[in-house]
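Number of protein chains: 2
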Amino acid sequence: MITIALDAMGSDQAPRPDVEGALLAAREYDLRVLLVGQPAAIRAELARHGKRNASVEVVVASDVITMRDPPMQAYRKKKESSAHVAARLVRDGKAAALVSAGNTGAVMAVARFTLGMLPSVARPALAAPFPTARGGACVLIDVGANVDSRPAHLVQFAVMGEIYYRAIFGTRRPRVALLSIGEEEMKGNELVRETFNRLKETPIHFTGNVEGRDVFAGNVDVIVCDGFIGNIALKISEGLAQHIATLLKQELKRTVTAQLGAVLSRSAFIEFKKRTDYSEYGGVPLLGVKSPTVIGHGRSNANAIKNAIRVAAELVRGRVNEKIEQELRLPAVRAAV
Amino acid sequence: MITIALDAMGSDQAPRPDVEGALLAAREYDLRVLLVGQPAAIRAELARHGKRNASVEVVVASDVITMRDPPMQAYRKKKESSAHVAARLVRDGKAAALVSAGNTGAVMAVARFTLGMLPSVARPALAAPFPTARGGACVLIDVGANVDSRPAHLVQFAVMGEIYYRAIFGTRRPRVALLSIGEEEMKGNELVRETFNRLKETPIHFTGNVEGRDVFAGNVDVIVCDGFIGNIALKISEGLAQHIATLLKQELKRTVTAQLGAVLSRSAFIEFKKRTDYSEYGGVPLLGVKSPTVIGHGRSNANAIKNAIRVAAELVRGRVNEKIEQELRLPAVRAAV
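First to last, the protein sequences are chains A and B. Numbering-wise, the numbering used here puts 1338 at position 300 of the first sequence, and it's gapless, one number per residue. Numbering-wise, the numbering used here puts 1053 at position 15 of the second sequence, and it's gapless, one number per residue.
Chain A with its partners taken away, still in its complex shape (with noise of 0.2 Å):
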């Protein structure tokens, strides 16, 4: 049986959304999941949820990463917070998986250093899926674990992307894309035409540029851009839906007929909302780190709690990490590299 290393005290809620979304997935993935955080505000919630799970597990954190320590800081100073205690008990082989929806940065130097990067690899990724318009999902890769990255930096997500997207969307031969502002090999700035030129010579199923729409438009599968504009993009989606899901509901609101309408249209928004709805992926690995490391939004509810600790077992089962080594280290790769 999987065991998954859940900081408990990562979302914004904590611990109530990651207790109920860890409980959720032991029961449904048959998971063991270690509570680690405070035990009475944990224990106080597995009360909540009825009798005792033999799945879940509370292991005592002392301290707490909240979302406005500065992320280094938080790394250095924090030694026993509930992040760092999760991330031990992976580095010492309690648990196979680490999950965390908290402070994303200090999340990502507690995994990175705790954990140790892949020996291959050499920066890590955030890699995040975006729903697509044919039903599907497009995976982002970095949305902000780097910046400045160089050609040889994009070709390793490429090849990190890839593998994630074959083990958690089951796909056999994803379409891995550079982004970029027009679809001619020789558009882009210097970044993305030299990467251009070298993801060419690798095994990847590279299917050249694409631009900022076809992150949603579904025609290919994992998009590859160094982390700041991976940021950028998924910070200013995330901006944008919210904006007109606002603006939508004022209208709605403002006449008595469109009320009622809204009202005879709930089913449609409900189902929107769904084919919408992020928590359904979960949360976003950071791939290159030892062992699989999910980071979950801020926000994240038990759903996204769950789907996160759901991801990080596909990872564990999926030897994401074994082929993400394995293929590092082709020569067609290290050539490009």
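Simulated from the structure, these hints should not be mistaken for laboratory data. Quick reminder that beta carbons are idealized off the backbone N, C-alpha and C, glycines included. Only true hints are included.
Straight-line distance between alpha carbons at most 25 Å, and here's what the computed DSS-like set of lysine-lysine pairs gives:
1) A:Lys1225 with B:Lys1117
2) B:Lys1225 with A:Lys1117
3) B:Lys1328 with B:Lys1132
4) A:Lys1132 with A:Lys1117
5) B:Lys1311 with A:Lys1312
6) A:Lys1225 with B:Lys1115
7) A:Lys1311 with A:Lys1287
8) B:Lys1287 with A:Lys1287
9) B:Lys1312 with A:Lys1287
10) B:Lys1291 with B:Lys1311
Covered stretches of chain A, as calculated for chain B (at least 3 residues, CB under 8 Å):
11) 1179-1192
12) 1243-1254
13) 1266-1274
14) 1285-1299
15) 1306-1312
Given the structure of chain A, go ahead and fit chain B onto it with the hints provided.
Only chain B this time, still in chain A's reference frame:
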């Protein structure tokens, strides 16, 4: 009376929306518009709108640049295109500004090389307005005139974007921010950190770094970024907005109740559409070239063309180019560039 040279063969549906937009603009804003392109097609459109209008005039251009033409090749080989002829009318003082909804890359090349650059500007920049949650607009500059910008270029973009914002949106002292992946001064990539230090030293009302989500929040007026990033931000926003609209339509059609609901909420959807309608902004000015130039979206309708012409006229009236030249010569700005 201000005269605008319109590339009447620009938009995807040209010359229909282009001609109709020109007639609307001429009437509504008391302008003269030169309709440049293939006379038979333009006259056929004019005829559809009834009696002759003294404020529009047809100017013959024998060639047309298509959306598929590679920009630099179109610039070099199609010297008699409607975009070229329109730009020469501006260069020769027959019109005060250039408007085209044609191939963005080609129109940029034509404008830049036919009109020339303002003496103090190192690189031109495209300034795209985004609708915000507070009902105003937030301008992102640059959205793709350049890639691989250096800090000095971003400082110039900030100055140009700020002057444009004042002229078009009437704000006295626009708040200017830098697009990054965290608000703290130390966050971001090398380019952003260096630009941050320089912007602090200018007379601009620089409010610091913002994240992708802030583009729609309305807490700043002008957001500065490299054109590679700005173009991806623009395209991903267009892609997501379209994706959400499609999903919502699908869901609203799925059941009879939802369909009825949608009919009752129709006014809300129309109002919502108005509030998110990019055509109200009309087009994106290419700042830094010697005469005001506004580039519309290929999908422009008549309303978008009308507004692109309005923006061009406001750039002329607001003496935006003189102000750009003046402010870039201020010692505090020159020191930061």
